[in-house]
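Residue strings, one per chain:
There are 2 protein chains.
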Amino acid sequence: MASLSKNKIKYIHSLEQKKIRKEEQVFLAEGPKLVGDLLEHFPCRFLAATSVWLQKHPDIHANEIAEVSQDELSRASLLKTPQQVLAVFEQPRYTLNPEAVHQSLCLALDDIQDPGNLGTIIRLADWFGIEHIICSQNTVDVYNPKTVQATMGGIARVKVHYTSLPDFIRSLGDAPVFGTFLDGKNMYEQPLSATGLIVMGNEGNGIGKEVEALINRKLYIPNYPQGQETSESLNVAIATAVICAEFRRQAAWK
Amino acid sequence: MASLSKNKIKYIHSLEQKKIRKEEQVFLAEGPKLVGDLLEHFPCRFLAATSVWLQKHPDIHANEIAEVSQDELSRASLLKTPQQVLAVFEQPRYTLNPEAVHQSLCLALDDIQDPGNLGTIIRLADWFGIEHIICSQNTVDVYNPKTVQATMGGIARVKVHYTSLPDFIRSLGDAPVFGTFLDGKNMYEQPLSATGLIVMGNEGNGIGKEVEALINRKLYIPNYPQGQETSESLNVAIATAVICAEFRRQAAWK
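Chains as they are written, first to last, in our numbering: chain A, 1 to 254; chain B, 1 to 254.
Hints listed in this document are in silico derivations from the structure and should not be mistaken for laboratory results. It is possible that some hints are incorrect.
Repeated chains share a single entry, so a pair holds when one copy, or any two copies, can fit it.
Computed list of lysine-lysine pairs in DSS-like fashion (alpha-carbon distance at most 30 Å, straight line) [said to hold, decoys possible]: (1) 33 to 19; (2) 209 to 80; (3) 56 to 80; (4) 18 to 80; (5) 18 to 209; (6) 19 to 56; (7) 56 to 218; (8) 6 to 159; (9) 33 to 209; (10) 18 to 159; (11) 33 to 185; (12) 33 to 56; (13) 33 to 218; (14) 185 to 19; (15) 22 to 185; (16) 80 to 22; (17) 209 to 6; (18) 254 to 10; (19) 33 to 146; (20) 18 to 185; (21) 254 to 80.
It should be emphasised that the depicted structure is a prediction, and the values quoted were computed from it without experimental measurement.
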């Protein structure tokens, strides 16, 4: 065990940059709950923790382990309130098979920009038993540290893929592809299938034109009371949750 | 019209502090959409905008208006990407009447800590036609600039109150008071009323013991498939949305 060199701290901070994460094929995670979850799923390249944490976890596997003081941890951490342990994990490689959309309910994200929104969506996908999220190439990086933290461990179970969304949707044949639009049909009055793809759009601009043309089931989340003056939209993570909940309610409790 | 003095910029930045906001009874909002919404609802003490924005809005009412360069706006703004206009509004004063809970659906928040979560909850309350949110005294301040921004204008319509939650709930008599718990009843299998109070708990600790004892309808949001390994919780704003959506679905589309 070694303490943290300046170079190591520099390396950890450099993982805020997508370019470095991509070159190194790694990502950073912090905190006992999250790191504990991820250690069961991904190879760990490096782990730094307080002696208290290390004593509680004598059997961890990592290429390199450093016992650090709270002060050293604070210097390395990207969080406002550092917590006992941080670790660098290898990025997993997943294969994207269009069959997933024929056999289960999947999510597609068209240019989601906010790291927190992506992380929150991964967390709720985990809750609603959605295993695959297909992101457009311009969607924010899933290994952004803010995204990883917001998943609260969901990133260990939900597989996030990046690809051309229009090409992917075209490869699906006649699978149901859902999206929400102001002129869509009230989702409470539509039969919602247990398989298919739900597309969610960018925070400011919604679903792009090319993807919109490929959506064959247009839905609408009704506000309440309908037609009332309201803020004209829901946050994208909130909208995703409300839609996924309705799909699952219809599948299991209708 | 005057440009921005150093003192004015200092004043704007000081509104990040709850103490100053409380003394001055004001709050800060930024961006054309949000400021435009709020100008219709709250007296404006001070507004700073680019000449382009001001030319488009010749009829605004504010005690003081400053035409500023993009550069000056950037120095005053609390946002990463400043947008055309910022304004200081007077805090509204609302009266809290327990009758609201007997006549409509209301939300209660027990020590929500994250400003973004509170803002997102206000935005979705607006969407779901919830007019009153009753917060415990330790809930984050609704006039925190991050909260105000995240409401996306919902703060103009949703009335947020701070009070002792246990005392308030005791004053409600036999009104239905809902909360989510792991040992609650599946919300899809319960009749949900169109009036009453839905209590949501702190991000880390959930609903406090004193408040829990006053809840007379314990609910559970089922995950999917039920009993599957998942992250053990939803973000509080996500959970609030899923619950509110189900209350409104049952009221309007069951």
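Which of the numbered hints above does this structure break? 6, 7, 8, 14, 15, 17, 18, 20, 21
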